[in-house]
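J.: These are the residues of each chain, in order.
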Amino acid sequence: MKTKIKPVHLRKLAAITEVKGKALFSKNFIIMPIFSLGFTLLMKVVYNTAAQGAVNMSAYALALGILMNISMEGVYCTAAALAEEKEKNTLRTLMTSSVNGLEFFLGSLIPVVLMSMAVNVLCVPVSGFSMGASQWPLYLGITAACSAISAVIGMIFGIYARTQVSASTITTPAILVLMMIPMLSGFSDILETISGFLFTGIVFDAIANINSNLPVMDAKGAVILFAEFILSVIVFLALYKKNGFER
Amino acid sequence: MNEQYISIRHLSKRFDKDFVLKDVNAALNKGEILGFLGPSGAGKTTTIKILTGQLLPTSGDAQVLGIACDKIDERIYEQIGIVTDVSGVYERMSVYDNLKYFARLLNVPLSEINPLLKRIGLYEHRKKPAGKLSKGQTQRLILARAILHKPKILFLDEPTSGLDPSTALEVHRMLLELKNEGMSIFLTTHNMEEATKLCDHVALLNEGVIVEYGAPEDICLKYNKVKKYKVQLTDGTKHFLKHSPEASEQIALWLREDRVETIHSCEPTLETVFLEVTGRELQ
Chain A
5 MKTKIKPVHL RKLAAITEVK GKALFSKNFI IMPIFSLGFT LLMKVVYNTA AQGAVNMSAY
65 ALALGILMNI SMEGVYCTAA ALAEEKEKNT LRTLMTSSVN GLEFFLGSLI PVVLMSMAVN
125 VLCVPVSGFS MGASQWPLYL GITAACSAIS AVIGMIFGIY ARTQVSASTI TTPAILVLMM
185 IPMLSGFSDI LETISGFLFT GIVFDAIANI NSNLPVMDAK GAVILFAEFI LSVIVFLALY
245 KKNGFER
Chain B
49 MNEQYISIRH LSKRFDKDFV LKDVNAALNK GEILGFLGPS GAGKTTTIKI LTGQLLPTSG
109 DAQVLGIACD KIDERIYEQI GIVTDVSGVY ERMSVYDNLK YFARLLNVPL SEINPLLKRI
169 GLYEHRKKPA GKLSKGQTQR LILARAILHK PKILFLDEPT SGLDPSTALE VHRMLLELKN
229 EGMSIFLTTH NMEEATKLCD HVALLNEGVI VEYGAPEDIC LKYNKVKKYK VQLTDGTKHF
289 LKHSPEASEQ IALWLREDRV ETIHSCEPTL ETVFLEVTGR ELQ
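Read top to bottom, the protein sequences are chains A and B.
Per this note's numbering, the very first residue in the first sequence carries number 5; after that it's consecutive.
Per this note's numbering, the very first residue in the second sequence carries number 49; after that it's consecutive.
Everything labelled a hint here was simulated from the structure, so no lab data went into it.
One thing to keep in mind: the hints can contain errors.
Derived lysine-lysine pairs resembling DSSO-like cross-links, with alpha carbons at most 27 Å apart [stated by the list, open to error]:
1. B/K175 / A/K26
2. B/K183 / A/K31
3. B/K180 / B/K78
4. B/K180 / B/K200
5. A/K26 / B/K176
6. B/K290 / A/K92
7. B/K227 / B/K275
8. B/K180 / B/K166
9. A/K10 / B/K290
10. A/K245 / B/K78
11. B/K176 / A/K92
12. A/K92 / B/K175
13. A/K92 / B/K166
14. B/K166 / B/K119
15. B/K175 / A/K245
16. A/K92 / B/K70
17. B/K183 / A/K92
18. B/K290 / B/K275
19. B/K227 / B/K200
20. B/K275 / A/K92
21. A/K10 / A/K224
22. A/K31 / B/K180
23. B/K119 / A/K10
24. A/K246 / B/K119
25. A/K26 / B/K148
26. B/K200 / A/K10
27. B/K180 / A/K26
28. B/K166 / A/K10
29. A/K31 / B/K176
30. B/K175 / A/K246
31. B/K183 / A/K26
32. B/K183 / B/K166
33. B/K290 / B/K270
34. A/K246 / B/K70
35. A/K31 / B/K198
36. A/K31 / B/K175
Could you put the whole structure together from the sequences, leaning on the hints where they help?
T.: Okay, structure coming up:
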């Protein structure tokens, strides 16, 4: 049987994106970007104090902040926002009000990715890291791709979460894995190998490479990012096809 | 001939081994109100879910505006409105913004929101967060959202359940207004007074089976086997008289003597019909 791809109406997409975007500024969600920025600032202060000026640790502070932002905001905010729609019984209302699954999916993803991107940009001055003009496009491209992957993973968790509390519970282990493996990759060869296959590990290494004026990302990294994005979309679609956004 | 908006033919739905709907047949014509009346668990909500494309039937056929219920998509959703017990509102958004959101989704001019808010009595509360509304006000907001785009069919699942009598009356008044404006309404209820007052046709549903179907007054007359009159006289005495020539003469005599305070025929209500047919009470 042929699966028909439904058209996306820009009018509906704009309405969903606006409402979802405003929701990100509510107290349930705004804590995530604030926390990421605060964490970046804290790491900058802590590591630069520890290094006593011998080494500039701002790149490391930036990498930690970006890890925190991409993992937490992307996964948690998307999952919790979807769970909230189910918890408050607004999801079914939307889906029976002429909104199709693709419009809802994109409308949910776009604001989270945009918010995540804004924080990725703000983290740079907050961390005190300076980047050349030629490095910015690569930084923005890689962090945008990672934010998008993270948001799709959040949608997958959101399908399983019935409430915001359950969204928080089930996303926590994933967030920890996505954050901790790159953070601890310097202490273990196994973790370093695994980190090389995680989008969070790739963005972590990319920032280190920008700091060292090395090529930001190799072909393997690009392939992994692309493959992880496609894989997460396929997993999401497979789950969505079974029973929509609800399990 | 009236245009048929909903047709249900031999519809059945099974969850695991249990049938919740068995061979259900019904129809809703343009500008009419069809009620599915039955106690909890009778299959009313399942019927609405099938008709609105949220559940697939096990067998049989149901069409909404000429489209099979398993093929319902955005084009149909743009022509129907749905109010169910799980219809939610965006609690952090204001009453106005809730309607504005759906107006944008359904391509309704924003200029139509305030007149609608006035009509449903929520204009004074338009800036209030929807989460701070009372249950009755929330139900009115949900109803407003469902009729915002002037749908051809309005689906209502227990629309007055849990509402105080005056709010329920307001909802009834509004539904009759909508019917008079040409909207077709499919409603489920366990309230027989509501069904009698609002519906052109009702289906009495028990354990997934329609046990009676027709106009409420026709169903009541069909079960009016022992025709009786209840007469209250001016002296306060009450008399139940079976229909007969003698009873007619007696009533005529009381009327001539100007002793009659009230006189009622005693045909059964939908509730007593349901009890007679199923042995179960509706509430």
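J.: Next, verify each hint and record whether it holds.
T.: Results of checking the hints against the structure:
no.	hint	in the structure
1	B/K175 / A/K26	16 Å, holds
2	B/K183 / A/K31	25 Å, holds
3	B/K180 / B/K78	37 Å, violated
4	B/K180 / B/K200	31 Å, violated
5	A/K26 / B/K176	17 Å, holds
6	B/K290 / A/K92	55 Å, violated
7	B/K227 / B/K275	33 Å, violated
8	B/K180 / B/K166	19 Å, holds
9	A/K10 / B/K290	66 Å, violated
10	A/K245 / B/K78	35 Å, violated
11	B/K176 / A/K92	18 Å, holds
12	A/K92 / B/K175	20 Å, holds
13	A/K92 / B/K166	26 Å, holds
14	B/K166 / B/K119	36 Å, violated
15	B/K175 / A/K245	38 Å, violated
16	A/K92 / B/K70	32 Å, violated
17	B/K183 / A/K92	14 Å, holds
18	B/K290 / B/K275	6 Å, holds
19	B/K227 / B/K200	10 Å, holds
20	B/K275 / A/K92	51 Å, violated
21	A/K10 / A/K224	34 Å, violated
22	A/K31 / B/K180	17 Å, holds
23	B/K119 / A/K10	13 Å, holds
24	A/K246 / B/K119	16 Å, holds
25	A/K26 / B/K148	14 Å, holds
26	B/K200 / A/K10	24 Å, holds
27	B/K180 / A/K26	19 Å, holds
28	B/K166 / A/K10	36 Å, violated
29	A/K31 / B/K176	18 Å, holds
30	B/K175 / A/K246	39 Å, violated
31	B/K183 / A/K26	25 Å, holds
32	B/K183 / B/K166	18 Å, holds
33	B/K290 / B/K270	17 Å, holds
34	A/K246 / B/K70	26 Å, holds
35	A/K31 / B/K198	36 Å, violated
36	A/K31 / B/K175	20 Å, holds
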